Amino acid sequence: MTRAKRLLTIAAFVVGLAVAVAAPATAHEDEKSTEAGVLVRQAIALMVNTPRDTMAVEDKVDDALASEKPAGVNLDLVTAAKEALAAADLHRARALLEVSIGASPHVNDMAVLPVGRTAGPPSDTAAALRLATGEESGTNVAVDALAARRHLDAGTWAVLAALAVMAGAGVALAIRFRPPVPVRALRAGTAEGRT
Amino acid sequence: MATTVDHEPPEHRSRARRALDVVDDRLGIKALEYPVPEHANGLGWSLGGLTAATLVVLIATGIFLAQWYNPVPEEANASVRYLVTHVWAGEFLRSVHFWAAQAMYVLAVLHLLRVFVTGSYKAPREANWLVGVAMFALVLGAIFTGTVMKWDQEGFEALGHNLEIGRLVGGLGFWFSPRLARDVSILTRLYVAHIAIIPGLLLGLFALHGMLLKRHGISPDPVLGAVASEPTEPFTHHLRRIAAFALVVAAALGALALLWPRGVGPTPVEGIEVTKPPWMFWWLFTLENWVGLKGILWGTGVLFAVLVAVPFVDRSPDRWWRRRPVAMVLGALVLVLLVALTVLMAVTTPAQHLG
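Chains as they are written, first to last, in the working numbering: chain Z, 1 to 195; chain V, 196 to 550.
Next comes chain V alone, as it looks inside the complex (with noise of 0.2 Å):
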């Protein structure tokens, strides 16, 4: 294990860590220094840094972008154009904004894909399986209403889907309804949403998150298994290899928005279906087509249901892909399901669906 452990008289230690001794008495930051097996320094298990990483890079980039933007529905989409030709650098950030939007997706997802190849949800870590699934939808949750915030053509008909689905569920569906403050616009409403619930509930299970890893440790490797021969090394440099990598992915993100950068659609109108959604959205809205707006509720519902249900149905202790074959099978199932319903969206016609 090589944790430090510094015996040195604190005559010795250098000015900089004597400063680190200082905070840590007060702060307790070395709590941080726990040790955790060396396989978890591999890119692999370092998904869900990365992915806390573009977080981190979003909440920054948001910051920027909410000096300017005005969330009333006369001024949103006039308000992003001013922003994207009239501020200095805001063009950039706003693309940074929508390319880390996009990575933390990307990432969110192959780091669920990781654990759930490796087994890292099995006992004891069902109930942080189920803060990284509740995580999810919050990204998807962030990237929905932040697709709204444009208010473009795009962002009004993914508003009114999610309206529909409101009124489809009920009562359950009070707070899409833009009945429940009538002088309000849903749009501020959904701003809030983007700008403080949910960054807010994104942060307070990403510490839960956290503090279940400190607890249950980093899960052993599926090969390996925990045996004693592997090798530790603290928490704090699985962090600085996570920050290695956050730098490239930064750097990307940097590289995409400038030579990808974003625009910003027509102003919205009612009554018309001409968009397609977000690329993530793509699989429910082939379900839209095939059976209503009901596809997207139920598509949704059965998506969760099932990521909820693996750490209970999967119970057997084997970690090793090789010896779950049900599952594994069943996994590739729902991916191939997911990708062939993405790519018959990427060919088809946006139909009307809303009222």
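If we strip away everything but chain Z, and leave its shape as in the complex, we get (with noise of 0.2 Å):
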């Protein structure tokens, strides 16, 4: 065998061995939640993060109404946020679908844990103190993003001339470092002794 023919018989082991591990794979189903608290959870996601999309909130409040599974979401509450939504009042609908799921309604982006914390009928203790594992998102209720804050003051401004400072440094260590023949000169030599 030459040494190309035992380097493609490897290769389509490998691939063979790649194809034969990945079948399984083909039988994945499809987990798209029909849980009437996991769709109010999405349409409160869907409010953060993509507010002006409201079609798709209300496709997920419509969503948990026709639930099969309700359990653990007050489904009134989730009735007048429907409405709230009709009435463009995203605030109040947000509130309402928190409350819905026993969490309490958004106060600002610091507060995460008080927010996320849902608070679960009492027989629910065990699942309550339940950490999430493998790929759970751990989040009941999601909050706004914290956005950035640009602090211009003094303080920044003295160390922006600093790091200015450093920049010029290093700019002038790099031309005392440089090579003493340029390279194009090297070039242009050995261009020259072709020549």
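No wet-lab data here; the hints were simulated from the structure. All values derive from a computational prediction rather than experimental measurement.
Covered by chain Z, per the in silico footprint, the following chain V stretches (three or more residues, Cβ under 8 Å): (1) 222-236; (2) 278-288; (3) 408-419; (4) 425-431; (5) 451-464; (6) 467-479.
For each label pair, taking beta carbons as the anchor points, the in silico distance ranges come out as: (7) V:Ala541 / Z:Asp89: 29 to 37 Å; (8) Z:Ala188 / V:Asp219: 35 to 43 Å; (9) V:Ala500 / Z:Ala71: 48 to 56 Å; (10) V:His281 / Z:Pro105: 19 to 27 Å; (11) Z:Ser104 / V:His281: 17 to 25 Å; (12) Z:Gly155 / V:Ile258: 22 to 30 Å.
Chain Z is faced by these chain V residues, among others (derived, beta-carbon under 8 Å): (13) Pro268; (14) Glu269; (15) Arg436.
Just so you know, even glycine gets a beta-carbon here, dropped at the ideal spot from N, CA and C.
Please dock the two separately framed chains into a single complex, following the hints provided.
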């Protein structure tokens, strides 16, 4: 067997092995949730991430209301949220949805834990204490993004000035340490030598 | 050649020089003074060193961030918010970490392009090219895991894509399966990858990269070739110039962190897909929009297969780009394709692909 054939055989074996182990993956099932609680959480997350796309939020709310697994959700509040959405009152709709799954209404972008912790039924203490595992997000209710805050105060300008000095020092040192004979000159010299 | 060969009697040497000699007797650091051709001190040939400099910044700021980061899903996002709002210099150093990651990616790509254009991967340096390609993959891995660490919607969706790809490749994706360790969140495992596995491998490969560099020498200038007339300088002088460039890069990172600091995204929720990935992965997500999740898998596979194949396909001894028209045209085509796919993603709305 030539070297090329050996390489091809090894490559074919590796590809075959990859395909063989990949085969079970094609049986992967659609894991879209139909639980009302999950759908309400998704509706809130859509309000937080893409507030302009109200149609997507309405779809999720409708799905939650039509869900056959409504456990843990106050559907009256979800219905009220749907009405608030129809009236374009996104703020009220979001608060109603949050309360419908036992969360506190959102306060600000730093109130992650109080909002994230749902009250839950009293008998559900064990579930409330369970930590997220696997690919669970551990989030009960999406919380607003914390926007970056640029502070252009005196301290910032002082640090920027120090950084400018640092950059200047870097440039000065790079010039000081540059090769004594530039590559272009060496190339030109070589070209002359050749001619 | 300007390497320092010290023939001075010990009593005439400065105190610092004698101290260095004492250290050298024990650690052999003067081995770093091996000669390198002068063209290596140019900016283009210092890009690899600058990439390493950004890694140093990332490790230093990463150690700081790790003191406050809590890698469990319930607390991760909140711990980042606490770091940004309550810890002295927390927002600044987190932003430096972010910008250093961007810089590392850009510098690694520029270094890779420089090596490609100057034919520095050619015999006998094929193995070092492969080490470099592996390091590039690790850089992408570090950026991906770092994106997930924030545990916001963007990071969570990035993770979701990776888990789906893990499922697509079946048994080969076992590490990305949440079933590998049922009671441990995959966030915790990715955190271990981000702070230990990936940096460890990067540093190991960096050492190998450096050793092979010394073994084969810095590749000759493609126009000059290995002419005896080119002056040489000690490798330490090369490091010295890299350090000077690195000062400029570090200052730029600091300025970017101050002028464009990073916020924290919303806490993540399963089952929605509303964010775009970091821009380095945009080309892959255009493919995903066209052919589904398999596009990410195949796109990554093809790109790295091409990178691995480069030194074995382009085997002519010519290093000057003008004498390698086929390699240059193919390389340019790949680059244009990647840029075009990236631009397409910039103008597209994210579509739902996850289960």
